[in-house]
Amino acid sequence: MAQAASPPDIAYFEKHIRPLLVQHCYECHSVDSKKLKGGLRLDYRKGVLKGGDSGPSVIPGRVGKSLLIQAIRHSDPDLKMPPKKKLKPEQIEALEKWVAMGAPDPRSSAENSTEQKQLNLEAAKQFWAFLPVTKKAPPEVRDPNWPHSDIDCFILSAQEKKGINPVNDADETTLLRRIYFDLIGLPPTPGQAEAFNKAAATNRQEAIAGLLDELLASPDFGVRWARHWLDIARYSESTGGGRTLLFGEAWRYRDYVVDSFNSDKPYDRFVREQIAGDLLQGGTLEERQEALIATAFLLIGPTNYELQDKTVLEMDIIDEQLDTMGKAFLGLAIGCARCHDHKFDPISTADYYGMAGILKGTKVVVHSNVSTWNKRALPVSPEEEKLAKKQAARINALKKEIAALKKKSGDKKKTAVTIASLPGIVVDDLQATLKGEWTRSTSNDGYVAENYIHDGAKGKGTKEVAYKVRIPGDGKFEVRVSYTEGTNRARKVPVLIRHADGEITRHIDQTKTPPIDGSFISLGTYDFLIGEWEAVIISNKGTTAHVIADAVQFLPEGATAVAKKDNAKPPVKQDKTNAKDRIKKLEEELKSLQKKPGTSPQVIAAEEAKDTGDIHIAVRGNVHNVGEKTPRGFIQVLQNTPTPQFSPTSSGRAELANWIASRKNPLTAR
Numbered sequence: 001m002a003q004a005a006s007p008p009d010i011a012y013f014e015k016h017i018r019p020l021l022v023q024h025c026y027e028c029h030s031v032d033s034k035k036l037k038g039g040l041r042l043d044y045r046k047g048v049l050k051g052g053d054s055g056p057s058v059i060p061g062r063v064g065k066s067l068l069i070q071a072i073r074h075s076d077p078d079l080k081m082p083p084k085k086k087l088k089p090e091q092i093e094a095l096e097k098w099v100a101m102g103a104p105d106p107r108s109s110a111e112n113s114t115e116q117k118q119l120n121l122e123a124a125k126q127f128w129a130f131l132p133v134t135k136k137a138p139p140e141v142r143d144p145n146w147p148h149s150d151i152d153c154f155i156l157s158a159q160e161k162k163g164i165n166p167v168n169d170a171d172e173t174t175l176l177r178r179i180y181f182d183l184i185g186l187p188p189t190p191g192q193a194e195a196f197n198k199a200a201a202t203n204r205q206e207a208i209a210g211l212l213d214e215l216l217a218s219p220d221f222g223v224r225w226a227r228h229w230l231d232i233a234r235y236s237e238s239t240g241g242g243r244t245l246l247f248g249e250a251w252r253y254r255d256y257v258v259d260s261f262n263s264d265k266p267y268d269r270f271v272r273e274q275i276a277g278d279l280l281q282g283g284t285l286e287e288r289q290e291a292l293i294a295t296a297f298l299l300i301g302p303t304n305y306e307l308q309d310k311t312v313l314e315m316d317i318i319d320e321q322l323d324t325m326g327k328a329f330l331g332l333a334i335g336c337a338r339c340h341d342h343k344f345d346p347i348s349t350a351d352y353y354g355m356a357g358i359l360k361g362t363k364v365v366v367h368s369n370v371s372t373w374n375k376r377a378l379p380v381s382p383e384e385e386k387l388a389k390k391q392a393a394r395i396n397a398l399k400k401e402i403a404a405l406k407k408k409s410g411d412k413k414k415t416a417v418t419i420a421s422l423p424g425i426v427v428d429d430l431q432a433t434l435k436g437e438w439t440r441s442t443s444n445d446g447y448v449a450e451n452y453i454h455d456g457a458k459g460k461g462t463k464e465v466a467y468k469v470r471i472p473g474d475g476k477f478e479v480r481v482s483y484t485e486g487t488n489r490a491r492k493v494p495v496l497i498r499h500a501d502g503e504i505t506r507h508i509d510q511t512k513t514p515p516i517d518g519s520f521i522s523l524g525t526y527d528f529l530i531g532e533w534e535a536v537i538i539s540n541k542g543t544t545a546h547v548i549a550d551a552v553q554f555l556p557e558g559a560t561a562v563a564k565k566d567n568a569k570p571p572v573k574q575d576k577t578n579a580k581d582r583i584k585k586l587e588e589e590l591k592s593l594q595k596k597p598g599t600s601p602q603v604i605a606a607e608e609a610k611d612t613g614d615i616h617i618a619v620r621g622n623v624h625n626v627g628e629k630t631p632r633g634f635i636q637v638l639q640n641t642p643t644p645q646f647s648p649t650s651s652g653r654a655e656l657a658n659w660i661a662s663r664k665n666p667l668t669a670r
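Using my numbering, read the sequence shown as starting at 1 and increasing by one per residue.
Think of the hints as simulated: they come from the structure by calculation, not from any bench. Virtual Cβ for every residue (Gly too), placed ideally from N, Cα, C. There's no promise every hint is true.
As a list, the in silico SDA-like pairs of lysine to any residue whose alpha-carbon atoms are at most 25 angstroms apart [said to hold, decoys possible]:
(1) K629 - V619
(2) K86 - K343
(3) K664 - D316
(4) K541 - D316
Label-pair distances were calculated between CB atoms; the ranges are [what the hints assert, rightly or not]:
(5) E206 - G61: 45 to 51 angstroms
(6) T487 - L79: 39 to 45 angstroms
(7) H16 - R663: 55 to 61 angstroms
(8) L79 - P302: 29 to 35 angstroms
(9) D32 - E122: 51 to 57 angstroms
(10) R663 - E450: 41 to 47 angstroms
(11) I530 - K584: 35 to 41 angstroms
(12) A201 - E287: 40 to 46 angstroms
(13) A199 - G61: 17 to 23 angstroms
(14) Q645 - D32: 37 to 43 angstroms
(15) K629 - F181: 41 to 47 angstroms
(16) S647 - K584: 46 to 52 angstroms
(17) K136 - F181: 28 to 34 angstroms
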């Protein structure tokens, strides 16, 4: 008998698998399908396990043996799902992981897969966890001498009902070790044990109280207990997801949590600072610094900053934020409502997007080809601020002077090279045949035509770019390959050249600037016969970094000298040399200034976005399938007060923080 799925497994299914199945599989494989394909139902667990005409679609724990996985991999031409377009690599990986986990699936019903049960808010509000916290009188117990506090009365009462007797009081050595391990996570030294035993022999209660005060005041207390919160806050010093990037300033948030425990910061303040610390008013300079650093809570989650669809990236970040806030502060899995009303808790999709609208108005990401997290200057003293402004002014002046000198001397960035400007026969990557997943990019200048492509430093040994060329007549042709250089490029990229006398493999170091006009490198001259050739193949075999593929140029013998003559650069004038020396000197000063501590430190932090307001529901969690607009708000079943009126010029994050940290919120206290 299969074991019941754990809550984390169900959460994984709801977040990653159900939306994928709904979007890509239900059209052909659910009770709502116009025509059920292959007798296969994927809209409930038994249907998945039973499979269709070909047999069970999933064998829990056996990824390679599961027909569903074989189908989505498209490795068999007769077994492809979806049939028209292959799933993205990350979607295939998610399904593979799900099967490896044992295919946890809470969908027990074979009824209409799209039928939604209506939430009954009034009935849901009567569930004990959603009721206001009330103070209960401690129960009466048969042994009134055992309890030392009201909590002990509740414990003893439950034990007495079950006929359980409390154990005897711990001896001094056992008690001492329990206190040390509980509070600071370390055992007492022999000297500390001896001192405690001596004090306990005189007055046991005073010895215990004194020891507790001592350990609570120890810096080790904050270190020990901050670790628990850092786990809840999914603290890490790297991004995870996609290319792993390092959070250089994450340590500030870690130290903030440690200091909060050691200073016995009120929990409601602790909550407010992490959600909206940048919006809190007043306080000392140190308190304002702490509050800003605290908002890193919203940014340090696992994020794939390489995602090129920035709308999807933003919504993925918001989903991760809501999921973490719900679990950390409320004990609720809010993320399950991204695609549909929550299956177990009274949380509607409208509730989800009401809160998502608040976070959409919060700036936590800065977009580029590879996006990054938001950074802000840490508040500083007036003296430090004056110094920072002075340095910033000098830095800006240096940047302007350097840019002006570069423009004047002609030291500009390379621009895209047009195919029409190149002699010979040119085959661009857009005309090439691609094997494996390649990503188009325009991040680096100097590429040919519209873009270049790269392998993402993934799938090594499985990716190729093949260039076909039509040779108009027999003859010798020089083969040139273009690429954009970079420090993250591969150093030994194999390029196979097929010619009339056989084939040869050359290797390119793509960390170095191409020697011909900064765009091309020559791989030699070869004999070619008239006709169509798959003449050049670039692969990522044997490489460890990013492999770039752009255009291939075939120059007929005799045209090479002309090309060199056409591309020859005029002699460098003396004033240009002087300008370069000046640029170098200014850049050295700029680099030195940027390293000095006078500038305000940049920290990982949130801030209000320029665009705020309500957002639309993403139908089935797909941000490109826009539903109705939903007003910003909170989870309705927990609302004991009217929803505040949100300003059109603010996110509503301060109101969200106050709602979560409110004494009237029954889940935060619990």
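Problem set entry | Structure-inconsistent hints, enumerated in ascending order | 2, 3, 4, 5, 7, 9, 10, 11, 13 and 15
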